[in-house]
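Novice: Letter by letter, the chains look like this.
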Amino acid sequence: MAFYFVQFLTGLASAASLFLVASGLSIIFGVTRIVNFAHGAFYMLGAYIAFTLTEQFSGAIGFWGGIVFAALIVAALGVLVEMVLLRRIYHAPELFQLLATFGLTLMVEDLVVLIWGPSDLLGRRAPGFWGAVDFFGQNVPTYDLFLIVLGPLVLGILWLLFQRTRWGVLVRAATQDRDMVAALGVNQKWLFTSVFAVGVFLAALGGALQIPRDAVHHAMDLRIIVDVFVVIVIGGLGSIIGAFVAAVLVSELNAFGILVFPKISIILVFLVMAAVLIIRPWGLFGKQEAPARRTPGLTVNPWRPLMLNERLGAMAALVLAAALPLIGGNYALAVGSEIAIFVIFAASLHFMMSVGGLASFGHAAYFGLGAYGVAFLAKMAGLPMIVSLLLGPLLGLLGAGVFGFFSVQLSGVYFAMLTLAFAQIVWSVAFQWVAVTGGDNGILGVWPEQWAASPSHFYWLSIGAAALAVVALRITVFSPFGFALRATRDSPLRGEAIGIDGKRIQWTAFVIAGTVAGVAGALFAYLKGSIFPDSLGISLSVDALVMVLLGGVETVSGVVVGAIVYKMLSIWLVSQTDLSKLVLGGFIVLIVVVLPKGIAGILETIGNRRRPEAPALLASQIDTAE
Amino acid sequence: MRRSRYLLSAGLAIIVAGLAQSAMAADEIKIGEINSYSLLPAFTEPYRKGWQLAVEEINAAGGVNGKKLVVVSKDDGGKPADAQTAANELVSSENVVMLTGTFLSNIGLAVSDFANQKKVFFLAAEPLTDAITWAKGNRYTFRLRPSNYMQAAMLVEQAAKLPAKRWATIAPNYEYGQSAVAIFKKLMSEKRPDIQWVDEQWPPQGKIDAGPVVQAVAAANPEAILNVTFGADLVKLVREGNTRGLFKDRAVVSFLTGEPEYLDPLKEETPEGWIVTGYPWYSIKTPEHDAFLKAYQAKYNDYPRLGSIVGYQTIKSAAAILAKAKSDDPEKLIAAAEGLSVPSPFGEIVFRKIDHQSTLGAYIGKTALKDGKGIMVDTAYKKGSDYLPSDDEVAKLRPKE
Amino acid sequence: MSIAQTLLSVEGLSKSYGGVHAVRGVSFALKAGEILALIGPNGAGKSTCFDMLNGQIVPDSGRINLLGQDTAGKKPRAIWRLGVGRTFQITATFPTMTVRENVQVALVSYGRQLFNLWSSTPKFAQAEAGRLLELVGMSGYADRPCGELAYGDLKRLELAIALANQPKLLLMDEPTAGMAPRERIELMHLTVQIARAQSIGVLFTEHDMDVVFEHADRILVLDRGTLIAEGLPEEVRRNPQVRAVYLGEGLVYDARYREGALA
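Residue numbers (this note's numbering), protein chains in the order written: chain A, 1 to 626; chain B, 1 to 401; chain C, 1 to 263.
Incorrect hints may have been included.
[As the list claims (entries may be wrong)] SDA-like mimics (lysine to any residue), calculated; alpha carbons at most 25 Å apart, straight line:
hint: 1; chain 1: A; residue 1: K379; chain 2: B; residue 2: D391
hint: 2; chain 1: A; residue 1: K287; chain 2: C; residue 2: E235
hint: 3; chain 1: B; residue 1: K207; chain 2: A; residue 2: L271
hint: 4; chain 1: B; residue 1: K49; chain 2: A; residue 2: G117
hint: 5; chain 1: B; residue 1: K299; chain 2: A; residue 2: W116
hint: 6; chain 1: B; residue 1: K185; chain 2: A; residue 2: L259
hint: 7; chain 1: B; residue 1: K400; chain 2: A; residue 2: V436
hint: 8; chain 1: A; residue 1: K263; chain 2: B; residue 2: K185
hint: 9; chain 1: A; residue 1: K287; chain 2: C; residue 2: V58
hint: 10; chain 1: B; residue 1: K373; chain 2: A; residue 2: F57
hint: 11; chain 1: B; residue 1: K267; chain 2: A; residue 2: L53
hint: 12; chain 1: A; residue 1: K287; chain 2: C; residue 2: I57
hint: 13; chain 1: A; residue 1: K263; chain 2: B; residue 2: K119
hint: 14; chain 1: B; residue 1: K400; chain 2: A; residue 2: G117
hint: 15; chain 1: B; residue 1: K118; chain 2: A; residue 2: I327
hint: 16; chain 1: B; residue 1: K186; chain 2: A; residue 2: L259
[As the list claims (entries may be wrong)] Residues of chain A placed beyond 10 Å of chain C at every Cβ, according to the derived structure:
hint: 17; residue: L114
hint: 18; residue: G137
hint: 19; residue: A275
hint: 20; residue: I327
hint: 21; residue: P480
hint: 22; residue: F481
hint: 23; residue: I500
hint: 24; residue: S575
hint: 25; residue: V594
Treat the hints as calculated values from the structure; they're not laboratory data. From the three backbone atoms N, C-alpha and C, an ideal C-beta is built for every residue, glycine too.
Required output: the full structure, derived from the provided sequences and hints.
Specialist: Shown next as structure tokens:
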């Protein structure tokens with residue numbers, strides 16, 4: 001009995017720092033509607049700076065002062081980021097801020113290695129909290145007890161802050177209705193900045209408080225960020241109480257999960273998140289969000305099919321691309337094939353995201369499933385390549401069919417998080433079920449047959465498939481189905497009122513996108529000759545998101561440019577420098593600030609500048625408010 | 001909408017990339033090297049220093065067969081697919097004569113599979129998985145570092161001497177952790193049929209929730225513990241274990257923990273008396289190692305990690321293979337490498353013909369705390385050749401060619 | 001009018017939220033070609049009533065017979081398929097499409113082509129879309145992005161969309177809300193004209209009493225969830241109970257007032 005109680009206490013201690021970080025993210029999201037991907041980076045910076053400070057200044061004052069001071073320094077950095085970067089892009093399309101903060105994260109990961117060196121760092125233990133107290137034969141670390149007290153304490157302070165101060169009232173009001181606060185004449189800029197500072201402070205404090213328990217290292221950010229997303233989604237976005245309850249829930253699940261299911265504890269959390277979202281779509285303490293108000297005036301140029309001369313131009317470009325084997329070597333052809341495959345993958349996400357308004361954070365799941373489908377068929381069933389290529393993507397279709405059904409019941413960030421949860425479940429299965437998938441060591445020897453083995457043949461196969469996929473998706477965009485999908489995205493209310501079953505339309509789009517992603521994965525397996533779980537991973541999903549946003553989320557085929565530019569750049573950078581993340585992150589941040597419509601979006605704007613200016617933007621503003 | 005323009009520019013860009021092939025100078029011999037520099041800098045930085053030292057020494061001594069040795073190094077970002085792209089670039093664009101490197105097992109396997117497909121010689125430096133030389137071994141792939149099996153066998157030899165009968169295991173839940181535990185259990189049970197396995201903990205790799213894991217292991221009350229976690233997970237496990245008294249009066253056997261890469265971050269929290277494999281650079285007193293240590297410290301003003309040894313020896317071995325083969329034909333390189341004996345800071349090593357595994361060994365010893373730092377004491381070098389299964393067994397493990 | 005077919009009949013419609021009766025035992029009927037207004041002060045239950053009719057809220061009890069089918073609890077899209085067009089208090093259109101495309105989507109749905117992945121929508125039913133836009137006087141705007149339209153034009157567009165399924169009944173929630181007085185009258189004239197010509201029944205809620213008394217054939221008055229009056233505009237205006245409810249809210253229809261507003 002004592003054991004279970006201590007296990008419970010241990011879970012509570014883990015919950016404390018998770019809560020600190022999660023509450024910060026939740027507050028920021030609630031007010032600014034920014035999904036702050038850099039939150040993990042601020043957490044990590046908190047730990048690094050606290051490490052430096054506590055090494056410099058010893059004693060109790062040095063330690064605790066160092067912890068708090070580190071959090072303050074990082075909060076100041078957060079203010080800087082908000083003022084210099086985020087303020088410029090509040091009016092960019094939804095999720096563009098995610099791209100910016102993702103770029104920042106990449107930069108910070110390389111910067112901490114440059115500043116603090118590559119080795120894992122071991123911080124000091126907290127003065128006075130070295131040992132453990134005996135509880136019926138079980139040892140409870142005193143620092144755990146400190147954290148157990150700290151969690152509710154911070155919750156209480158936040159509660160007072162939100163209930164008893166004018167600032168807190170404004171924050172709560174803004175969380176409920178951002179436009180209303182703006183209408184009240186509150187200086188929204190400074191409200192956002194202060195909220196961002198508080199959120200970042202909490203993240204950094206959470207990181208700093210880890211130094212007596214954890215090692216400080218440059219991958220801490222990714223370790224925490226996914227957990228934190230899970231916590232705030234289970235708890236309900238914008239709810240501090242929800243973040244607390246969910247942090248406790250997740251930590252206790254871990255603590256007790258390892259006793260019951262030692263091998264699948266990592267999946268357990270995602271299963272719970274998926275279950276919560278299916279049963280309570282807005283999280284345990286969340287409220288149904290008002291439908292996202294579209295930023296007015298962004299899409300004033302409705303999509304149209306290509307003109308004849310544009311079609312000819314596209315054909316010419318394709319022919320030109322097909323001529324690469326005449327001059328390029330094997331490496332150029334392999335890179336070309338890889339880029340073509342990512343064009344397919346990114347185009348499939350774009351179809352869901354831009355046309356369907358469904359921003360998936362777990363699209364790699366279907367790419368990876370397609371790839372594993374091929375690997376199973378070719379390696380285990382021994383089927384010929386052409387058959388495997390055609391049937392492999394069906395695994396992607398199947399996955400998209402099942403996961404998509406549940407995901408499309410939600411929208412916005414909740415949709416994104418449920419797709420993320422499903423993708424993480426699939427990834428965990430592939431990573432940990434070694435007997436079937438080979439686990440981390442993957443499935444090897446999935447090489448193309450003779451007819452496609454030469455780099456030029458495979459390249460032609462890839463660009464042929466890419467051209468086909470892009471054209472097919474374009475046709476679908478302008479098909480009745482594509483319009484029904486856009487209609488559902490633009491106004492679910494109007495869509496329903498003209499007989500469109502929005503959920504079924506979105507589900508179908510999800511399945512189409514998943515299948516096309518599966519095709520890309522299938523080709524990828526043959527290109528690389530092997531398949532590993534990271535083809536299902538978050539970083540690949542994020543890559544695809546970046547490609548779509550980079551190309552221009554509001555264009556029909558800008559994603560093609562986004563995929564080519566991003567993939568080429570990242571391959572080149574990885575090949576040229578160890579600091580590829582720093583450069584790539586900087587590039588992304590720059591693009592976000594300079595070209596908030598994406599590369600293709602800006603080209604389009606220039607092309608349309610001759611058009612007369614739109615007279616009334618008022619209409620679209622009122623339009624989608626329901 | 002202006003898709004034509006996009007595709008046009010894209011096509012052009014690819015062409016430019018294709019044209020950017022560098023010409024190879026006639027008096028150079030190029031080796032391609034791939035590792036996870038950006039993902040795992042803690043391990044790959046010392047490794048890079050090691051191979052750079054080797055290159056310097058080789059060229060100072062006149063190069064390889066009169067040609068200057070050049071190592072073209074690429075980062076793989078910790079992703080197998082990117083490692084393959086890098087391998088392709090090295091082979092197709094840089095025209096390297098062989099591939100070397102890799103740290104993570106999955107990346108080692110991906111490059112090994114690539115080497116097999118494209119018929120390129122590959123000397124895997126650090127991947128531990130047994131598959132790379134056995135279940136998924138191929139004629140183009142050799143491996144330097146002692147494998148998972150070898151490290152397990154060395155540890156089992158010591159562990160079997162312990163009186164402990166009740167054992168628990170803690171291992172990261174992925175292929176490496178799972179196979180390390182499986183081999184250890186198998187070899188251990190052969191030697192000690194009397195022991196019981198009372199608990200298994202499988203924390204997710206890189207995401208251990210150390211408190212509950214420690215608590216759960218303690219609850220099973222084992223007499224001895226096998227640990228396979230490493231890196232940041234190990235730090236957390238040790239800290240929680242120390243605070244909660246898990247390691248008190250319990251024997252612990254731990255993979256790789258004696259390597260400076262993993263031991264040094266533990267600083268004053270280093271638990272004492274763990275039986276570990278590792279690299280006690282401070283207490284190795286052989287002429288070969290002294291020479292290496294002196295050269296390394298002179299060049300970098302830093303002490304070597306195990307990665308430094310591996311990086312150094314990888315390039316030294318590669319150079320020896322090239323020198324013997326006098327050719328860049330992969331078949332000739334294989335013929336030269338099979339059975340080749342090379343000097344190393346750990347003494348003479350041999351690349352076995354039967355499975356292409358080198359006989360580089362490891363040091364085994366116990367952890368201790370000295371001046372607030374973790375060290376290995378009672379160390380002994382274990383030759384790799386003594387901890388491999390019989391040739392018959394190995395032949396069964398490797399796929400027929 | 002007595003020979004006209006009954007489109008909609010409602011019996012004993014009720015809905016309560018946590019013990020509060022939003023709508024209690026409402027019954028009425030609507031015939032083809034009839035313009036019926038549903039009025040009442042704020043919180044009277046108009047919106048709840050309306051949302052039950054169009055399928056957004058499931059009633060606790062009562063029957064809704066729409067064109068011969070019981071539609072209580074059916075989804076809005078199913079009710080639309082029966083031949084019911086809808087406009088919203090705040091317009092709901094598709095801002096990223098052109099005006100014509102907005103109508104075309106509705107026509108696609110009416111033609112049951114929603115899962116057609118191949119044909120080109122911009123070429124779909126152009127003639128019919130053109131006819132509908134002509135009908136509401138929006139022909140000149142067909143290729144304009146919908147997001148650029150002025151609010152009054154959006155209301156017209158919504159009407160065109162609502163007419164795409166050749167409805168027998170139009171449900172219009174505050175059709176003139178947020179519009180300038182001249183636009184209100186034009187839109188209601190247009191609506192009534194189309195309804196009369198095609199014998200479409202119209203049920204609308206409205207705050208503007210000028211609009212109500214000018215255009216409605218009959219008026220239903222709700223107060224605190226119950227129907228307190230029903231009848232011709234003259235009858236309703238004289239009803240003392242209605243006057244009591246609307247005390248001070250200017251329920252006095254006055255042609256001079258209207259003209260004054262126009263001036």
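Novice: A separate judgement is required for each hint: does it hold in the structure or not?
Specialist: Results for each hint:
| no. | hint | verdict |
| --- | --- | --- |
| 1 | A:K379 - B:D391 | 28 Å, violated |
| 2 | A:K287 - C:E235 | 45 Å, violated |
| 3 | B:K207 - A:L271 | 17 Å, holds |
| 4 | B:K49 - A:G117 | 15 Å, holds |
| 5 | B:K299 - A:W116 | 22 Å, holds |
| 6 | B:K185 - A:L259 | 21 Å, holds |
| 7 | B:K400 - A:V436 | 22 Å, holds |
| 8 | A:K263 - B:K185 | 17 Å, holds |
| 9 | A:K287 - C:V58 | 21 Å, holds |
| 10 | B:K373 - A:F57 | 20 Å, holds |
| 11 | B:K267 - A:L53 | 18 Å, holds |
| 12 | A:K287 - C:I57 | 19 Å, holds |
| 13 | A:K263 - B:K119 | 39 Å, violated |
| 14 | B:K400 - A:G117 | 45 Å, violated |
| 15 | B:K118 - A:I327 | 21 Å, holds |
| 16 | B:K186 - A:L259 | 24 Å, holds |
| 17 | L114 | 44 Å, holds |
| 18 | G137 | 52 Å, holds |
| 19 | A275 | 26 Å, holds |
| 20 | I327 | 37 Å, holds |
| 21 | P480 | 4 Å, violated |
| 22 | F481 | 5 Å, violated |
| 23 | I500 | 6 Å, violated |
| 24 | S575 | 40 Å, holds |
| 25 | V594 | 24 Å, holds |
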